[in-house]
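Protein chains: 2
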Amino acid sequence: MRPVELHNVVISDPFWSKIRNLVKNVLLPYQWRALNDGIDGAEKSFCVHNFKAAARLNARRGRPGFLEPQWSDPGFSVFPGADETPDPDKFYGFVFQDSDLYKWLEAAAYILASERDPELEATCDGAVELIAAAQLPSGYIDTYYILSGMERALTNLRDNHELYCMGHLIEAACAYYEATGKDRLLNVARGFADFVYLELGPSGRPGYPGHEIAEMALARLSELTGDKKYLELAELFIKRRGTEPNYFTAERRKNAALDGKPVPDDTPARLDYYQAAKPVLEQDEAVGHAVRCMYLASGMADVARLTGDEPLRDACDRLWHSAVHEKMYITGGVGGTRDGEAFSCPFDLPSDAAYSETCAAVGLVFFAGRMLRLRPASEYADVMERALFNACLSGMSLDGRSFFYVNPLEAVPELIRRDSRLSHVDTRRQKWFGCACCPPNLARLLANLGSYAYARDDGTLWVNLYVGGSVRQTLGGVPVCLSVRSDIPFSGRVELSLDLPEPASFTLALRVPGWTDPDTPVAVPDGVTYVTRDGYMYISGLWRPGDAVTADFPMPVTLTAASPAVRECVGKASVSRGPVVYCAEEADNGKDLHLLRLDASELSAVEVKSLKISGFDLPSVSVPVKKLRGGGTGLYAPLSPPEEDSFRALLIPYFAWANRAEGEMRVWLRY
Amino acid sequence: MRPVELHNVVISDPFWSKIRNLVKNVLLPYQWRALNDGIDGAEKSFCVHNFKAAARLNARRGRPGFLEPQWSDPGFSVFPGADETPDPDKFYGFVFQDSDLYKWLEAAAYILASERDPELEATCDGAVELIAAAQLPSGYIDTYYILSGMERALTNLRDNHELYCMGHLIEAACAYYEATGKDRLLNVARGFADFVYLELGPSGRPGYPGHEIAEMALARLSELTGDKKYLELAELFIKRRGTEPNYFTAERRKNAALDGKPVPDDTPARLDYYQAAKPVLEQDEAVGHAVRCMYLASGMADVARLTGDEPLRDACDRLWHSAVHEKMYITGGVGGTRDGEAFSCPFDLPSDAAYSETCAAVGLVFFAGRMLRLRPASEYADVMERALFNACLSGMSLDGRSFFYVNPLEAVPELIRRDSRLSHVDTRRQKWFGCACCPPNLARLLANLGSYAYARDDGTLWVNLYVGGSVRQTLGGVPVCLSVRSDIPFSGRVELSLDLPEPASFTLALRVPGWTDPDTPVAVPDGVTYVTRDGYMYISGLWRPGDAVTADFPMPVTLTAASPAVRECVGKASVSRGPVVYCAEEADNGKDLHLLRLDASELSAVEVKSLKISGFDLPSVSVPVKKLRGGGTGLYAPLSPPEEDSFRALLIPYFAWANRAEGEMRVWLRY
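Line order of the protein sequences matches chains A and B. No gaps in the numbering here: position 279 of the first sequence is 279 in this note's numbering, and each next residue is one more. No gaps in the numbering here: position 458 of the second sequence is 458 in this note's numbering, and each next residue is one more.
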């Protein structure tokens, strides 16, 4: 299974086109201004500033009197004071600030892949030239070190994110090449990757990234260019991780000695943050920083697929099981604890204190998409769809102008404001973050939906997600265009039709969503037959021009329970319909949502109706519930039968919460 | 209402005598060794070390070549490194380390008040001499400043705890004087209080303590000595708190200027930690550090009682309402959040992340006892009894050798070990804390039960807590000895008998416990009659020698619900019997206690039976429950009727948890 080519996919879907247009018309222009420090009232990025400073420095190099900057540690993040005029030649921002420009370029590339936009492309070309101008002749590029003294470059892999930035550079470069055919950025990326190969490749130091992403990026670069050394480097990064002697520990000791400041060794728990406490083949639990863990797992799945490495595939299976079957919120969010933005223990999934970072859900989509390419089973696509429709989309307001970093499953604004244990939770999305990982990461995911919706091999086209639009692919020796109409998330009606110049034999593999009746009848044309395997209908035979496949997947309102092992959720249920998890919001149901109780006997009176929020027509669910009477006689009293009133609750898609007046929200309701 | 004299009370009770003996025979000797750094494997205290160093310094003062120590900030806590030999002339420990010796002396005094123990008294006398030798001629005493440079003494009231130590010194001095008639320590305490009166009294700087306790201590000193200036100082400390310009803010700015290090002003939220964001008469919510808040409220109640200040009494009522009716755990624990060891928002009472510091529950007993003296109503005694039997006693193991600082209502050891959000929670009591506030605080409370059990005015003796033993008091002009037999917490049977030389008229006021039937018949002798008011039976008339009053207060097993406003507890109930809250422990019920569900229909099958834990015979409760079947088909699945098994759960008193093998514990069970 391979991804389809970017430029062969068109999205034209009643739901996703609106999202995609937000990315194109709101997110990308907004983020470009943010990268250029042009947004009033938002924290400054300094991202483009740093590239410009590095480019100027490069231009001066070799002139009389030029002196290389001497190493002086700017620290993990450096921002000028409120009254301070930024030094045009100094680095500002987080150590990983470069990555924001790369993420933006990658997202822009996905937009350009399916529609011409000369203005956007010109902006991108300008950014590419700036990046190229900032690169050192050696191929190295990271403005943090270029501006602060190169002698310490690539010597603090644990903390200083050069390989993370390289990963994002490569992702952007591949995307931009695939979208436009222009190889300028690809050559910059290859230059850096070649430099790193010399430094950290088979003949170099046995390092690996402190924040993963280079693994999957190098695998992609290798697939795109056919150059196996990038795959080799990705594999080294994976296989070295956590082996003894621990590279991060050795590096840390060395830097401490250089600085004359002894530091204690990292504990195994601390190394877990980087997934570096033990070799990946021995890891059987998703631990540490959730984004890092999901990116590592994604890279592992890519390398396992490209090298056929079975033990590595087994390790992917173990991480998948742990992340998805023991540590995933029902929204597809991962990373339950704010401490280290990390995976908590198995089944520890608090609703109010959840971290569930948007980027971690994006990472889970990456991982799920790659597991799917490794072994087509609808479970992976189900999880991908769940994360996409819930924990990812929740990261962005419905007008595309503000963002959540943290995605709780329960929120009470008064409590969040006063309880410092919830200080990481917001109940209003923010315009831009100083540490702006989530907004551009969302952009690059949502702009690239096509590569998750479809996959192919020589004779099969897989439809993993039903997203309206089309995909072109050569199948059975003829150019085939598959058009898709999908009513998800409004209903489960999907229609697929095939345009091809002459009859041809190939296989169309359609996912039967996990949320529907697996025996839903699917109408297929004469001349083809199907078998179902691992949640996919493989429809094979001789296809003719105009052939169509239709299905109306039942999408009832359902109540979901969590495993009894989830302490938080015992005695509770959540409402979902299709891939969408629903929540109750104060705007529709008043305060004290914890008083609501679902009553299965009244589920027959559920109604689905359209509700407009922020310009989106969304399917809402009206459900009769019981509401415990509040107030009463004091803090503690002898137990008496609960006094409940009948109440009709209106539930909205979780992703749409916090788009109206600030208020309470709750996913899990008592049952 | 006034407290009874210490030496007039004897405790002889099947339950409390065992506790008191632990205090006398285990806690006091153990803590004395701890204060003298004589316990292997425990953190060193340096408490006695500091007093010795200060005494030596005093002895050298005036000799040729003597130089006063110049100010050098030791910091909030200073301990020597592992390989470092402590400097015998240097201060070590926390800035409030002196208070531990005072607390120990106070507890010892309560023991000595009712029984002769020449060896213990000699140890105390020696400690008193050491303290006297450490005091400066001016009356000032705080070894932190004496050893580190006096020029900064009393200039960082917010942080540096001199007035806190003074408060504990006064409490110890009053107790030791009342117990032994010896005034040596009382004179030391008066000397310090007189010094502080000059510095911070009506003609001094308008400061007040950063950690309250001086308020109630000064009130006690004033009552004991009849000197009104101590009450005046207590009142100033209370009335100045939180007024503008804020003293702490001004002091902080001044110190910052002296140190040349500008610091930002405290936010109102930060000032809440010290209950100093607004004047106490305007405070209507219990906020900030829970121990501080309870100590302040205790001092306020004392001053309101002694001055008849009605607005201050109203302020006490408001703090009481907030602390007890909106922020108290069912165990009587207060301070729901670890952030600042503080009160959280109203009705925010998480079970697993609870802080509920032992010292804060001790503080609530202080506050309740003082509210009772302000206005006799059984509500105060009910809360006092609740805190005592649950959140306080839980602080100590049943062998008196280890201690909890934090008292959660739910504990899962595996989760606590792995989830850093619960890192403040222990599931095994610790031997001794570097910051050792709780063990000696518990000791001074438990050794002084008598002053909470009884109160008096000229014609009335109140029985607030039924504790076996006797109390002597002159009533109606004759010396009366009231003997009490109480079977609480085993049953509600209480018998009171009166020994008096001749018939006399007075009133015996007996609390009708909140946990029993208010119409329980009480057998009284002929010649007396009673009325019930605010939860007390006032039994008046002509009492004769040998008269007895008996009652058998029904003590059924009851299920208690929390207000629907407590999100944590909706759909849950807790089991109690009399004043004792029960919990389920893994030792009796296996793991996964969250799977248990109470079923009201089966409560008739409840059995109370004796269970021996760590040498204590305790009443346990055996109750049929349902147990949700664990395991199942994955993390999320369509809701189906729960599969439950019948199970007989054994519940033990909450205070007895964590005295057997380490394991899960849970107070609130699903219902």
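These aren't lab readings, by the way, just hints derived from the structure by calculation. Just so you know, not all the hints are guaranteed correct.
Far from chain B by the CB rule (all over 12 angstroms, computed), these chain A residues [to be verified]:
id, residue
1, N21
2, K239
3, L281
4, R417
5, R421
6, L482
7, P638
20 angstroms max Cα-Cα, derived SDA-like pairs, lysine to any residue [what the hints assert, rightly or not]:
id, chain 1, residue 1, chain 2, residue 2
8, B, K278, B, L306
9, B, K591, A, A565
10, A, K591, B, H321
In this text, all values refer to a predicted model and were calculated from it rather than measured experimentally. We treat Cβ as the ideally placed atom computed from N, Cα and C, and that holds for glycine.
Right, here's what the structure says about each hint:
no. : hint               : in the structure
1   : N21                : holds (32 angstroms)
2   : K239               : holds (27 angstroms)
3   : L281               : holds (23 angstroms)
4   : R417               : violated (9 angstroms)
5   : R421               : violated (6 angstroms)
6   : L482               : holds (31 angstroms)
7   : P638               : violated (6 angstroms)
8   : B/K278 with B/L306 : violated (23 angstroms)
9   : B/K591 with A/A565 : holds (11 angstroms)
10  : A/K591 with B/H321 : violated (23 angstroms)
Consistency note: the structure conflicts with the earlier hints numbered 4, 5, 7, 8, 10.
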